[in-house]
Amino acid sequence: MLRKKLLRDIKENLGQFFTIFAMIFLAIMAFSGINAFSDGLKYSSVEFYEKNNMQDLWLYGENFSEEDLDKIKALDNVTDVERYLSMQGSVDVKNSENSEIENIQAELNFLDAEDDEKNISTMYLRDGEEYSPDKDGVWVGYYFAKARDIQVGDKLTFYVEGYEFTEVVRGIVSSPDHVYTVSDPTVIFQDAADFGWVYLSMNECPIDFGMDDFYIYPNAIVDVTGVAPNPYINSNELDEFENKLKSVKNELYELDDISISAITGRDVWPSYEALKAESEEGDTYSGMFTVLFVFIAGLSVVTTMSRFVKKQRVQIGTLKALGFRNRKVTIHYIAYGFWVSLIAAILGIVIGGPVLGQPFLNMELSMFDLPDAHRCILSKNYIVAALIVIVITIITYYSIKSILKESAAQTLRLEVPHIKIKAKEGGKGLSAKLPFSVKWNLRDILRSKSRSIMAIVGVMGSTLLIVMAFGMQDSLQHYLVWEFDKIQAYNYKLNLSENVSDERLDELFDAYGDATSQTVAIEYKDSEGNIVTSSITVNDSDGYLRVSDHDTNTYDINDGIPGSTDGDVNEAGALFATEKLLKDNGFSLGDTVKWRIMGEDDWYETKIVAAYRDPQSQQFSMTRVAFEGLGEDYVCDTIYTNDDLSDLTDSDIDGVSTISSIESLKEQMNVMLEMISSMIVLLIAISAILGFIIIYNMGILALSEKMYQFATLKVLGFKFNKLALIYTQQNLWLTLVGIILGLPLGYEFTDCMFKYAIGDNYDFFANIDISAYLIAIIGTLLIMFVTSIALSRNLKKIDMVASLKANE
Amino acid sequence: MNKVSLRNVSKVYNVGEKEFRALDHVDLDIEEGKFVVILGPSGAGKSTLLNLIGGMDTPSEGEVIVNGENITGYSENKLSDFRAKSVGFIFQFYNILPSLTVKENVELINEIVKDHLDASEALQDVGLSEHMNKFPNQLSGGEQQRVSIARAIAKNPALLLCDEPTGALDSQTGVMILKILKKQTTKERGNNTVIIVTHNALIADIADVVIRVKNGKIKSVEENANPANIDEVQW
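Just so you know, the sequences run in chain order A and B.
Just so you know, the first sequence maps onto residues 1 to 808 in full-length UniProt numbering.
Just so you know, the second sequence maps onto residues 1 to 235 in full-length UniProt numbering.
Just chain A, with the same shape it has in the complex (with noise of 0.2 Å):
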């Protein structure tokens, strides 16, 4: 009987219990729907490095022969080893547009052609036949030939090193270290159709070098014996193969007669870190959202539970003079609060998936070729929605608690309004003094201090997100100025192809200027000794690239950098190091770091002399005079100029690989920042509306609460206009109050999304216009506005003689 009195009950008050049910439903919905996303994307990468067997060690050195393979696959822990060659050329595509032909930069990896088999990341077949060493033709990437309509069967004219040849196109594969492609470091997002790669036999290579059939291979991949444990499984199994890499590392090392410049696991090859970092920003999305929806869920149901309970004191007082115990009670009442909640976070997780998490993993595989992708709901998802309807079920209970405390014959009775006033007397001092509705807000606000802090708190929130929202636009624009306007201050970037003769340098100096870097890949020791990958720019810019103070003030390197500089920075070896990366390496400013040059045996020891912030990129820095005062031989690798180049493409000038624009970086960069967030709008304006219910559920909180005092004053002859304005004066001001709360907490956690949320490599920070306060401040004021206004409406419609009695 009970049970259908639940079922009608809910029925009649359906709007209160749907409150309560949207909430845990959303908040379910997004930590699912975002964590199917995040998780598909871990687990799925996992599978397909898995299956396809991703290298665990990449190699490089200056040519490995077939007995320096030999060698290496006798280590103990190697399970196997290729060779081959990389690099950078490029290819004839269509324009699709047009249908003119364009020529687009691409990676070229030649495989050993002695090789019987391809074992070390294979090929994911897309289309087309499987990859033979020798077979000729070419297997060009997935996401590439989509974006340039390449078919089997297709001739492509591929130029390399000044050698031209045209290949078929034999395959379009998908490969576990080419998930994710970059034309160049500088460059965040790149668009496919823009940069492709291919794999080819050594067979089809045009380069002579030197000697009939001699080919160069600098290039190899390791595979370590045993499967790399996931990484999202914190297991001892990480820490062994962590343990056998290092001594595969340490072995390599070690070799006789093989020249091993560089040895790089996983953890710094683009694709791989990319995957794994973007993968990686949905926890803490999906743990910030389900923390602040399941709190405004929560505060939801304190209120809406209250309200009903009240509602229902005569009858709770009944069943209790009926006989019903106590403990019958509760569980009937209680059940009001877990069917609902169990019913949401049920629907949550299976709609969060589909609903949420499949459009999201679709914008990221717009950028990652992850075959046989997929969203996963891992048990910590089914954790939550357990913990949260049994944190909803014990609000509820208390919500309860106290009436059924009383004897049946009390709860039988009304309630009387509690006054909680301490036995103290007022209405001295400077109270007296204070108008009527003044006085009678501020001493109702501390009697119910509970929902004024609930309301305070509800405001907070949504002042918070709206912060947030705004917040993350201006951030992101704040950025792109930083790093696009101040720190890389020229219009366009000349990447030089390796082996430019002098004379044709010069030609390329005198044509668009000297300003030029040099990038030295190195490896240092941290303070705890180990040893860790990086690079050196060595800036020869002319003040085209700069190096920023911690304000974002930019300087010329050589000017050094007023109030982080310490020592002579031409001195020899004198190293400018980024904050973020004296922070995580635990340096300081005038510490000696150790340090080599890749492939080099000899260890540098020379001071940080500078730090200076860069947003997307934690590295070393480095004058020209201080590298050459080393001994070491400046070669740039890339010029800046202001010249206006737009119209050149990557092939038209010879020795320059690539041409990069800032407006085209700008543009790759704004593409991927507003799909980041609309990502995170999204969440965070289905938070604001949470924030909205929240809002006007303590609004209809207060209003019940107080009806009988409003009933009181309408009796003795309050107008309408008056009790509306006593009313909307406490709403004003503790939504206020919530507002300069919640400000500052906007601002942090805004820092905090891109302190935590985005990779390691990063160094951003909240830079929020006053324009997004002053939203958030008028936003949140007009939702109070628009509440107190549809709420007031109720003292209009006061029953004086139904209230006072109630109250009776």
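Everything hinted at is true.
Subject to a maximum C-alpha distance of 25 Å in a straight line, what follows is the list of computed DSS-like cross-link-like pairs (lysine-lysine):
{"hint": "1", "chain 1": "A", "residue 1": "K797", "chain 2": "B", "residue 2": "K78"}
{"hint": "2", "chain 1": "B", "residue 1": "K217", "chain 2": "B", "residue 2": "K34"}
{"hint": "3", "chain 1": "B", "residue 1": "K217", "chain 2": "B", "residue 2": "K18"}
{"hint": "4", "chain 1": "A", "residue 1": "K310", "chain 2": "A", "residue 2": "K328"}
{"hint": "5", "chain 1": "B", "residue 1": "K78", "chain 2": "A", "residue 2": "K719"}
{"hint": "6", "chain 1": "A", "residue 1": "K244", "chain 2": "A", "residue 2": "K73"}
{"hint": "7", "chain 1": "A", "residue 1": "K666", "chain 2": "A", "residue 2": "K580"}
{"hint": "8", "chain 1": "A", "residue 1": "K244", "chain 2": "A", "residue 2": "K51"}
{"hint": "9", "chain 1": "A", "residue 1": "K796", "chain 2": "A", "residue 2": "K311"}
{"hint": "10", "chain 1": "A", "residue 1": "K719", "chain 2": "B", "residue 2": "K85"}
{"hint": "11", "chain 1": "A", "residue 1": "K722", "chain 2": "B", "residue 2": "K114"}
{"hint": "12", "chain 1": "A", "residue 1": "K722", "chain 2": "B", "residue 2": "K78"}
{"hint": "13", "chain 1": "B", "residue 1": "K187", "chain 2": "B", "residue 2": "K34"}
{"hint": "14", "chain 1": "A", "residue 1": "K796", "chain 2": "B", "residue 2": "K114"}
{"hint": "15", "chain 1": "B", "residue 1": "K214", "chain 2": "B", "residue 2": "K18"}
{"hint": "16", "chain 1": "A", "residue 1": "K722", "chain 2": "B", "residue 2": "K85"}
{"hint": "17", "chain 1": "A", "residue 1": "K4", "chain 2": "A", "residue 2": "K310"}
{"hint": "18", "chain 1": "A", "residue 1": "K580", "chain 2": "A", "residue 2": "K594"}
{"hint": "19", "chain 1": "A", "residue 1": "K51", "chain 2": "A", "residue 2": "K118"}
{"hint": "20", "chain 1": "B", "residue 1": "K78", "chain 2": "A", "residue 2": "K796"}
{"hint": "21", "chain 1": "B", "residue 1": "K85", "chain 2": "B", "residue 2": "K34"}
{"hint": "22", "chain 1": "B", "residue 1": "K85", "chain 2": "A", "residue 2": "K796"}
{"hint": "23", "chain 1": "A", "residue 1": "K755", "chain 2": "A", "residue 2": "K666"}
{"hint": "24", "chain 1": "B", "residue 1": "K18", "chain 2": "A", "residue 2": "K797"}
{"hint": "25", "chain 1": "A", "residue 1": "K797", "chain 2": "B", "residue 2": "K85"}
{"hint": "26", "chain 1": "A", "residue 1": "K433", "chain 2": "B", "residue 2": "K114"}
{"hint": "27", "chain 1": "A", "residue 1": "K246", "chain 2": "A", "residue 2": "K594"}
{"hint": "28", "chain 1": "A", "residue 1": "K719", "chain 2": "B", "residue 2": "K114"}
Hint data in this document are derived by calculation from the structure and do not stem from the laboratory.
Knowing the structure of chain A, use the given hints to seat chain B on it.
Below, chain B alone, put in the same frame as chain A:
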């Protein structure tokens, strides 16, 4: 002169699909300066009658005239003005605002009435001068009811409407309250009219006029030529 006149007044409530006639074609006249007691069983229509006279409710048909004003067709705002200026209400459970002190509860009137009594004066009148700065929860039931009376008389109303004013009080405190109310009808106090709705037939002995109500109709209106002394009333 009639202070209150009701002409053919009915009040009909719709309960579900049924009609409930709380007052059924009532005609009534109450003179100025009288201490009137309305008696009747629960559901007879006593409170409805009081609410219609006080402008807290509107009749379904008929006319309500108070102080010569026909308030029947008044708008919500006009009724608020009418209540503010002309009527003082006193309820069984006092209905004073818990977050205001005794004095502030009375001073509430200053917000809506210009020609009001001084709050201290009104409180002195009901014997609460010493408790002016206390909050309601620091007072006894009788003291709280006196605050409610002080608030009502501070408006200087010509008509005091009391719904079971002694219902929640003991006999001794009830007598004290009745004395204060009765005092309001004296010439010295402005010849005010006091109408009390009660179950308690004993109170009828002290009234100038006793109106008996049953099933929404006026059963009788009796003038009491010799009202009893309030001190003699006990229950």
